[in-house]
Amino acid sequence: MSGRFSDVQHLVRMAALFIAGVVVFLILRALLVPEGFGVWGHFRAGALDDNRARPLRFAGREACAECHADVLDARVGSKHAAIGCEACHGPLAAHAADPDAARASRPEAAPLCRSCHERNVARPAAFPQIDPAEHGGGEPCLACHQPHHPDV
Amino acid sequence: MKIDRRDFVKRTGTYLVLTSAAAAAWDHVVAGTPETAPNYRVTDHWWGMAIDIDRCIGCGNCVRACKVENDVPHEPYYFRTWVERYHVPGGDIEHPVVDSPNGGHDGFPERYGAVDGAKNFFVPKLCNHCAHSPCTQVCPVGATFDGPDGVVLVDTSYCLGCRYCVQACPYGCRYIDPRTNTVDKCSLCYHRITRGLTTACCETCPTGARRLGDLKDPNDPIHEFLRTHKVQVLKPQMATGSKMYYSGLDGSVR
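Chains as they are written, first to last, in my numbering: chain A, 1 to 152; chain B, 1 to 254.
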């Protein structure tokens with residue numbers, strides 16, 4: 001061999017080394033980058049489904065209405081009509097899924113009523129608030145108020 | 001090959017019918033399998049929330065519901081959502097006194113009297129689900145991200161627990177879950193909103209002070225709210241693109 005291609009060996013070795021580097025990079029990339037990465041952006045697309053997989057604790061008021069339409073009727077026109085059932089009755093997705101497996105319990109009235117209606121200067125002035133020491137004369141809240149229709 | 005008019009019409013008609021069938025089938029494919037995503041397409045939604053400060057009574061229902069729904073550690077007191085009480089004496093909005101006993105989990109025992117003439121109010125806080133969120137920009141591995149539907153989520157299987165995002169969030173909405181040593185934050189109840197339910201905090205808010213809204217749905221009541229109320233986001237000077245729209249936001253709120 002002579003002339004301008006006499007040292008072509010060097011180029012072949014360099015090219016082989018470069019190609020080997022690219023192959024190693026591609027293999028490592030395929031191994032390390034998880035499936036779905038980059039479909040929606042710089043994250044694993046499956047993470048959306050992972051976040052979706054969490055179980056429900058609160059069933060939502062529509063689920064309550066399926067069986068307890070009578071309570072909804074009782075609340076029509078009430079100041080409490082717009083409140084979600086589980087705001088007072090607690091998380092009941094298990095009860096909604098299987099009414100016999102998990103029973104709903106009746107919430108204790110006085111602390112529940114006070115959590116919203118005890119006087120607090122930071123509450124909006126127009127919101128109905130009471131001072132438990134002087135309101136009701138020691139009677140339980142339910143003696144005068146129906147929680148689903150609280151007007152006296 | 002010779003094609004007469006009859007052949008041409010037949011073939012063209014067949015292709016047209018087949019194309020629309022294929023398009024419908026492809027739509028079904030991209031909509032996801034029915035088990036994981038019943039009728040939910042991420043590109044059809046853009047979630048936000050309207051928060052009416054004048055309606056918040058500081059009852060703590062949202063804080064308690066969020067902890068239950070999302071399995072947030074009860075103690076130590078970490079939160080995905082919490083409520084702050086602002087006390088602004090003498091109208092000095094530069095120096096409010098802010099407290100949040102247990103994040104409002106157990107309510108707010110009366111601390112200020114009505115006599116000192118100060119301004120008092122509650123402010124519910126949660127992840128602002130920023131469109132240009134600082135927290136996702138600093139994540140070195142792509143473990144936290146802006147979802148295609150506008151929800152900022154965490155990939156716990158990918159999180160290193162490096163805490164960059166905890167520092168980057170201007171709203172203090174992130175914490176490290178001590179059980180897993182990975183970051184956690186409000187997911188806007190992603191498991192609920194993708195099933196057509198509202199978030200646990202909105203579900204249990206007795207006064208409707210917070211309402212989830214789909215900004216891409218023209219029939220969503222949030223548009224009416226944004227039109228009829230003077231709204232502001234928290235820290236607008238940081239240009240985070242927050243989608244938590246506060247009505248009645250005082251200048252003292254940080």
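These aren't lab readings, by the way, just hints derived from the structure by calculation.
Quick caveat, the model's predicted, so the values are computed rather than measured.
Be aware that a few hints might be false.
If you anchor each label on the Cβ, the simulated ranges turn out as follows [what the hints assert, rightly or not]:
1) E139/A - E110/B: 41 to 47 Å
2) D54/B - A133/A: 38 to 44 Å
3) H89/A - P76/B: 35 to 41 Å
4) P73/B - G137/A: 56 to 62 Å
5) D71/B - A125/A: 35 to 41 Å
Taking lysine-lysine and the DSS-like style, the derived pairs with C-alpha atoms no more than 30 Å apart in a straight line are [claimed, not checked]:
6) K230/B - K119/B
7) K119/B - K79/A
8) K230/B - K79/A
9) K216/B - K230/B
10) K235/B - K216/B
11) K119/B - K216/B
To spell it out: a stretch of chain A is covered by chain B in this simulated footprint if at least three of its residues, at any positions, have a beta carbon under 8 Å from a beta carbon of chain B; those stretches are [to be verified]:
12) 28-42
13) 68-75
We treat Cβ as the ideally placed atom computed from N, Cα and C, and that holds for glycine.
We went through each hint and held it up to the structure:
1. E139/A - E110/B: 41 to 47 Å: Once the Cβ atoms are compared, 22 Å apart, the range 41 to 47 Å for E110/B and E139/A is violated.
2. D54/B - A133/A: 38 to 44 Å: violated, 27 Å
3. H89/A - P76/B: 35 to 41 Å: Once the Cβ atoms are compared, 28 Å apart, the range 35 to 41 Å for P76/B and H89/A is violated.
4. P73/B - G137/A: 56 to 62 Å: violated, 42 Å
5. D71/B - A125/A: 35 to 41 Å: About 37 Å separates the Cβ atoms of D71/B and A125/A, which means 35 to 41 Å holds.
6. K230/B - K119/B: Holds, at about 19 Å.
7. K119/B - K79/A: holds, 27 Å
8. K230/B - K79/A: Satisfied, since the Cα-Cα distance of roughly 26 Å is no more than 30 Å.
9. K216/B - K230/B: Given that 30 Å is the threshold and the Cα spacing comes to 20 Å, the pair holds.
10. K235/B - K216/B: holds, 24 Å
11. K119/B - K216/B: violated, 36 Å
12. 28-42: holds (count 5)
13. 68-75: n = 0 at 8 Å, threshold three: violated.
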